[in-house]
Every structure is written in structure tokens, then in C-alpha cells.
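Participant: These are the residues of each chain, in order.
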Amino acid sequence: MTQPTHAAVEAVWRIESARLVAGLARLVGDVGTAEELAQDALVAALEQWPAEGVPANPGGWLMSTAKHRAVDQLRRRQNYQRKLEEVGRMLEQQPTGEPDLDDHVGDDLLRLVFISCHPVLPTEGRVALTLRLLGGLSTAEIARAFLVPEPTVGQRISRAKRTLRDRAVAFELPPPGELPARLASVLEVVYLIFNEGYAATAGADWTRPELCADALRLARLLQGLLPAQPEVHGLAALLEIQASRLPARTGPDGEPVLLPDQDRRRWDRLLIRRGLAALERVQALGGDFGPYALQAAIAATHARARASDDTDWARVAALYRVLIEVSPSPVAELNRAVAVGRANGPEAGLAIADALRDEPALRGYPHLPAVRGDLLARLGRTAEAAAEFERAAALTGNARERAVFLARADAAAG
Amino acid sequence: MRYLMLLRADQPPTPPPPDLMEAIMTLGEEASRAGALLDTQGLAPSAAGGVRVDLTGGQLSVTDGPFTEAKEIISYAVYEVRSKEEAVEWASRFLALHRDRWPGWEGDTEIRRVFGPEDFGPPPA
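First to last, the sequence lines map onto chains A and B.
Residue numbers for the first sequence follow my numbering, so the first one is 1 and each next one is one higher.
Residue numbers for the second sequence follow my numbering, so the first one is 1 and each next one is one higher.
By construction, these hints were calculated from the structure, which means they are not laboratory data.
These figures come from a predicted structure and were not determined experimentally.
Please note that the accuracy of each hint is not assured.
Per label pair, the in silico range of CB-to-CB distance [unchecked claim]: (1) B:56 / A:344: 54 to 64 Å; (2) B:66 / A:309: 40 to 50 Å; (3) B:54 / A:147: 43 to 53 Å; (4) B:108 / A:5: 16 to 26 Å; (5) B:76 / A:304: 49 to 59 Å.
Just so it is clear, CB atoms sit at the ideal spot from N, CA and C, and this is done for glycine as well.
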């Protein structure tokens with residue numbers, strides 16, 4: 001048999017690490033310590049497996065190695081006597097060294113999810129910890145994904161672990177009363193990770209598909225852990241369908257291609273199918289559509305249209321109306337203006353967009369003048385349309401987008 | 001990175017052991033729940049409705065199964081993983097299930113990367 005390379009050991013690690021850290025955290029009661037023990041086990045694996053081969057049960061091997069490290073560590077610290085006994089007892093109960101964690105795996109992973117996304121942590125700490133502990137990414141990989149220096153990510157992670165320790169955050173599931181807010185925090189973290197890959201706020205590339213894939217993987221993991229939560233499936237559906245557009249979302253020169261102009265033949269049918277299936281699960285759970293599920297339903301309406309002109313705009317407009325009821329947002333209202341402009345004509349759309357002109361949250365938002373410009377142009381009010389596109393061009397920070405707006409300003413004035 | 005895995009096998013003439021089927025389902029569920037396995041299905045034998053459409057020398061021809069290869073393609077799987085090694089690890093686990101539960105079973109998994117968005121972007125600056 002061929003001996004595993006470092007990359008092969010790391011691949012096993014990616015598959016096993018979340019469960020490993022979760023199981024250890026339950027044992028030692030602290031995520032930071034658990035993560036360090038897990039890293040020790042990884043180091044041991046990197047030393048031994050290339051010479052000895054991957055053990056038959058790599059997850060069990062990593063767990064018992066980490067546990068033995070835990071005992072060693074605790075032995076050296078007298079004040080942890082009580083914990084030592086606890087760990088000792090656990091080891092005695094599993095003399096084979098193959099811990100039977102199956103009964104706990106789901107619960108432990110779920111605890112790890114909620115702790116990594118705990119509200120006591122700043123957003124960037126939640127994001128880094130989630131990718132590290134649940135995504136199994138190394139600090140270097142996270143740094144590359146977010147285009148920040150590796151030490152910065154290292155600091156975010158160690159600060160987050162310290163905060164959890166200092167604030168004595170227990171390795172427990174949130175009490176039922178806190179579940180909705182805590183779940184919202186978890187979903188937000190996954191959504192943020194996805195969006196950073198989908199419309200990168202930094203760097204030369206418009207999208208970073210690998211980060212989208214990491215977020216998708218987390219969303220799918222959550223579906224297995226929280227199968228009864230409709231918004232979990234809603235988020236997964238949204239991300240699957242949005243990710244399906246990635247192959248069409250960038251032009252040959254790296255420029256953004258927005259939804260109406262995308263070559264829909266390049267959409268990823270497998271991801272669309274998975275997204276629609278996730279949306280069906282929301283329905284099957286009683287059809288309690290939260291903000292993510294509603295956005296997924298809108299994305300699904302686009303996914304079902306073979307061409308932009310075939311879009312069921314009335315349905316999109318109606319879904320935006322519900323979304324705004326559930327989760328008011330001026331950006332969603334602006335999107336509704338676009339949909340109404342398609343469904344009921346530019347005049348109706350413009351009335352909605354005009355009402356947003358004094359909205360403080362949209363001050364400086366280039367898409368407000370861009371949407372108005374489009375509606376005005378369709379009404380034949382060309383001078384006003386050109387002025388709006390020029391405003392949009394002045395407001396955007398994205399050079400590629402600016403070029404698009406300026407071209408439309410020219411076309412309207414022409 | 002997305003990978004297509006094609007499993008080819010030379011199966012013993014006995015029915016597959018039930019515990020193998022159970023182990024395959026368990027591993028499949030684990031890989032799905034990990035977000036890595038996107039799609040998988042078993043394939044009917046080439047003798048049961050397999051057809052090959054061929055274009056050679058400008059001639060289209062259609063041939064019904066069975067095909068005469070020693071090993072038949074018996075299933076496919078689509079994985080989304082971060083590295084080739086991770087794909088290899090999942091495939092190795094799958095084959096190890098067969099080794100441990102069905103004596104005489106021989107097969108291989110061909111692992112091929114599927115082109116993705118990263119292949120269609122602009123060349124790196």
C-alpha cells in the first residue's frame with residue numbers, strides 16, 4: 001500500500017476535525033483547549049501516518065491520541081484534579097481506545113456550531129472560528145480566503161477562544177428561549193462567508209468560488225444537524241441556487257455579469273436541483289418561510305425561468321412583498337421596484353423606487369439611481385435616465401460596475 | 001472542487017451481503033451530511049438496457065449491452081471537496097467497505113475533477 005502524504009493526512013483531518021473538536025470540547029468543557037488537543041493529535045498523525053499508514057479508524061485514532069494528551073496535560077496541573085478523574089473515567093469506560101461517540105456526535109457538533117457563532121464574539125471572530133472548527137480549514141487557508149495576513153486570522157481565532165474562556169461560555173446548546181436568536185447568528189455567519197465569496201468586497205477577483213463552496217458545505221452540515229428548522233433549509237436553498245449561477249456570473253475578462261445578462265445554459269443544474277429540494281423541505285415542514293427561505297423562493301423563481309424575459313415577475317414581486325413584511329429592508333423594497341417594473345410596467349416600478357429617494361439607508365447606494373435610470377429610460381425620459389446612471393457611476397466603488405453604468409448613461413443620452 | 005467518481009467492479013456471482021449495503025448507506029449519509037457528497041446512484045447492469053452510441057469514421061452506430069469489459073461501471077458519485085486527497089479519502093473508505101465485507105469483490109474508482117467556475121475565470125493576473 002502507498003504511504004499517505006501530508007496532503008492525504010490533512011484530507012482525513014478535514015473530514016474528522018469537526019467531530020473530533022466537538023467530542024473533545026464536551027470532554028474538557030472548553031473549545032480552545034479542545035482545539036489545541038485536536039491540533040496535537042493532527043501533529044502526531046502527520047508524524048506517524050506517513051510511515052505507518054492511515055489507521056483503519058482514523059477518527060478513533062485521533063480521538064484517543066487527543067484524549068491521552070488531555071490526560072497528560074491535566075496530570076501536570078494539579079488544580080485540574082477533578083477533570084482528570086472525569087477524563088480518566090471516560091477512558092476506563094472505553095478501554096479499546098475506540099471511543100463510541102456516535103450517540104453524541106450530532107449534539108456535540110451542534111454545540112460546536114452554536115459556540116463558534118456565539119454572540120459574545122465579534123463577527124470576524126465567529127467567521128474565523130466557524131471556518132476553523134467546523135470547516136476544518138487551517139489558519140493559512142482562512143487567511144487566503146479572506147485576503148488578510150495569516151497572523152491576523154491567528155489573532156482572531158485565539159482572541160475568540162480566549163473570549164469564550166473568559167466569559168465562561170459553557171459547551172452547551174442554547175436554552176429553547178434563546179434558540180431563535182442564536183440560530184439567526186449561526187445562519188448569518190454562514191451567509192456572510194458565502195457572500196464574501198459571491199461578491200468579494202476585497203481583492204482583484206469578483207468572486208471566490210472556493211469560499212462559496214466552504215459556506216455551502218457548512219449550510220449542508222447544518223441541514224443534517226437541525227433538520228426541523230425551516231430557515232436552515234431556506235439558507236441552504238438560497239446558497240445552492242445562488243452558487244448555481246457562479247459559472248455565468250463572471251465574463252471572459254473577469255467582469256461581473258448580472259442576473260439578466262447571464263448565459264443561463266451555464267448555470268449549474270445539479271445545484272439548482274439541490275436548492276429546489278431544500279426549498280421543498282421548508283414546504284414540507286409547514287411552509288414557515290423566513291427571510292432566507294423567501295429569498296430562496298425568489299432565487300428559485302429566477303432559476304425556473306429559461307430566459308430573463310420568461311421570469312414570473314409577478315411572483316417575484318409578490319415574494320418581495322412578503323419578504324419585506326417578514327424582514328423590512330430598503331434594498332428588498334428596491335428589488336421589489338425592479339420586479340414590479342417588469343410585472344406591471346415601468347411607471348408602477350418607478351413609483352416604488354421614487355418613494356425610496358429619501359431613505360437614509362440607501363444614501364450613497366449606487367443601485368437606487370441605477371434602478372431609477374432603467375425605469376426612466378423605459379418610460380422614454382432619457383435625459384433624467386442619463387443623469388441617474390451618471391449618479392450611479394459616481395457612487396460605485398467597483399470600476400467594472402462604473403463602466404457598465406457609464407455605458408448605460410451614454411445609451412440613454414444618445 | 002468537484003469530482004465525479006465512477007465505480008467499476010468485477011462482482012462475485014453472489015448477492016451483495018446485507019451488511020455491506022448497510023455500511024454503504026451509512027457512509028453515504030455521513031458524506032452527504034458533511035456536505036461533501038452531492039449526488040450518487042447505482043447503475044443497472046449493461047445487460048439490462050445499456051446502450052452505446054458510437055461515432056467512428058463518420059459512422060454513427062448503436063450497440064446494445066452487455067458490454068464485454070471485465071469490470072462494469074456500477075455506480076457514480078459527485079463530490080464537492082477542497083482537495084484531490086479528500087476525494088481519494090472518501091473513495092478509499094468506500095472501497096474499504098467492500099474489502100471488509102464482500103470477499104472476492106474487486107473494483108476501482110476513477111476520480112475525475114469536474115470543470116468548475118474556477119476554470120472559466122480570467123487567467124490569473
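Participant: Each hint: holds or not?
Facilitator: Status of the hints after comparison with the structure:
1. B:56 / A:344: 54 to 64 Å: holds (57 Å)
2. B:66 / A:309: 40 to 50 Å: Once the Cβ atoms are compared, 47 Å apart, the range 40 to 50 Å for residue 309 (chain A) and residue 66 (chain B) holds.
3. B:54 / A:147: 43 to 53 Å: holds (49 Å)
4. B:108 / A:5: 16 to 26 Å: holds (20 Å)
5. B:76 / A:304: 49 to 59 Å: At 26 Å between Cβs, range violated.
Of the hints listed earlier, the one the structure fails to meet is number 5.
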